[in-house]
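Student: Line by line, the protein sequences give chains A and B.
Under our numbering, the residue at position 3 of the first sequence is numbered 3, and the numbers go up by one with no gaps.
Under our numbering, the residue at position 76 of the second sequence is numbered 76, and the numbers go up by one with no gaps.
Derived from the structure by calculation, the hints contain no laboratory data.
A quick note: this is a predicted structure, and the numbers were derived from the prediction, not measured.
Mixed in with the good hints there might be a few duds.
Quick partial rundown of chain A residues pointing at chain B, CB under 7 Å, derived from the structure [claimed, not checked]:
1. 2
2. 3
3. 10
4. 19
5. 20
6. 23
7. 51
8. 62
9. 64
10. 67
11. 68
12. 81
13. 82
We put the CB at the ideal spot given by N, CA and C, even for glycine.
Listed here are the chains, written in short residue letters.
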Amino acid sequence: MIPLSWYLFLAAGLFSLGLYGVLARKNAIAILMGVELMLNAVNINIVAFWRYLTPGNVGGQAFAVMVFAVAAAEVAVGLALVISVYRRRKTVAADEINLMKW
Amino acid sequence: MTVEQAVFLFTSALILFSGFMMVTRRNLVHAALYLIVALFGVAVIFVLLEAGFLAVVQVLVYIGAIAILMIFAVMLTRGDISKEQEPVNADFGWALMLAALFCFGLIILIGQWPAVNSQAPALSAETDTVFELGSALVSPDAYVIPFEVASVLLLAALIGALVVARPHKKSK
């Protein structure tokens, strides 16, 4: 049997990898990929807690389904923004998109 | 070591390896392919957690829609990739330090939590989690309002993405 901690450690590692990707990558699409990794780590945690602590309450799975929907919406709008920026500025490097930077 | 543990260890090694490759590859198409491998590993983890519906949705939504959308976006903005010399920005040392600190902090916190080694209680034989999830998502005293709000959110995201990505008049 797998103890709960294994899932939590896996999610912690995956979340940190995603965090590094979001903070360090230059390309805006790579940043969005890092966000996806972080959302997946969160989903592993939600489903693991559902399975180990409250298996009788489907709220954990329902919440994971909501995370799926929000992730899909986020990536659609994010990639539309990236494509729109690329069309106007011919760049997708996040540190060159600094028009609104104070 | 049981079969489940072996599958779990192999899958998590695969997930972490592909995640690492994803954040370090210079070629974004390769990064997106490693992202697909990681997402598929997460689907296997969902199967191990006996959340079969979520595993299927993971493959359909994440791999079938989101990862493919990523690859499309990478290819549509491809002219910039060859110019990109360095895949990481100047502050990547700070990012590495922050991510490593965050990871160690989480691991220490998880280790201190008393319920951490609990085993999964057996699901009773007559509970059908897919059936329960489906009825909870449309039942008025459970999650029907979040469910409907999620569909409105998806519609708003669809229209918003169309409006944002529409060609600008001046750029024609």
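Student: Now look at each hint and say whether the structure bears it out.
Tutor: Tested hints:
1. 2: Because about 5 Å separates residue 2 of chain A from the closest Cβ in chain B, which is inside the 7 Å limit, the hint holds.
2. 3: 5 Å, holds
3. 10: Holds, because the Cβ-Cβ distance from residue 10 of chain A to chain B comes to roughly 4 Å (cut-off 7 Å).
4. 19: Given a least distance of 5 Å, the restraint on residue 19 of chain A holds.
5. 20: 4 Å, holds
6. 23: 3 Å, holds
7. 51: Where the cut-off is 7 Å and the nearest Cβ of chain B is about 5 Å from residue 51 of chain A, the hint holds.
8. 62: Where the cut-off is 7 Å and the nearest Cβ of chain B is about 5 Å from residue 62 of chain A, the hint holds.
9. 64: Given a least distance of 6 Å, the restraint on residue 64 of chain A holds.
10. 67: 10 Å, violated
11. 68: 5 Å, holds
12. 81: It holds, given that the least Cβ distance between residue 81 of chain A and chain B is near 6 Å, below 7 Å.
13. 82: Since the shortest Cβ distance to chain B is 6 Å, the answer is holds.
Of the numbered hints listed earlier, the single one contradicted by the structure is hint 10.
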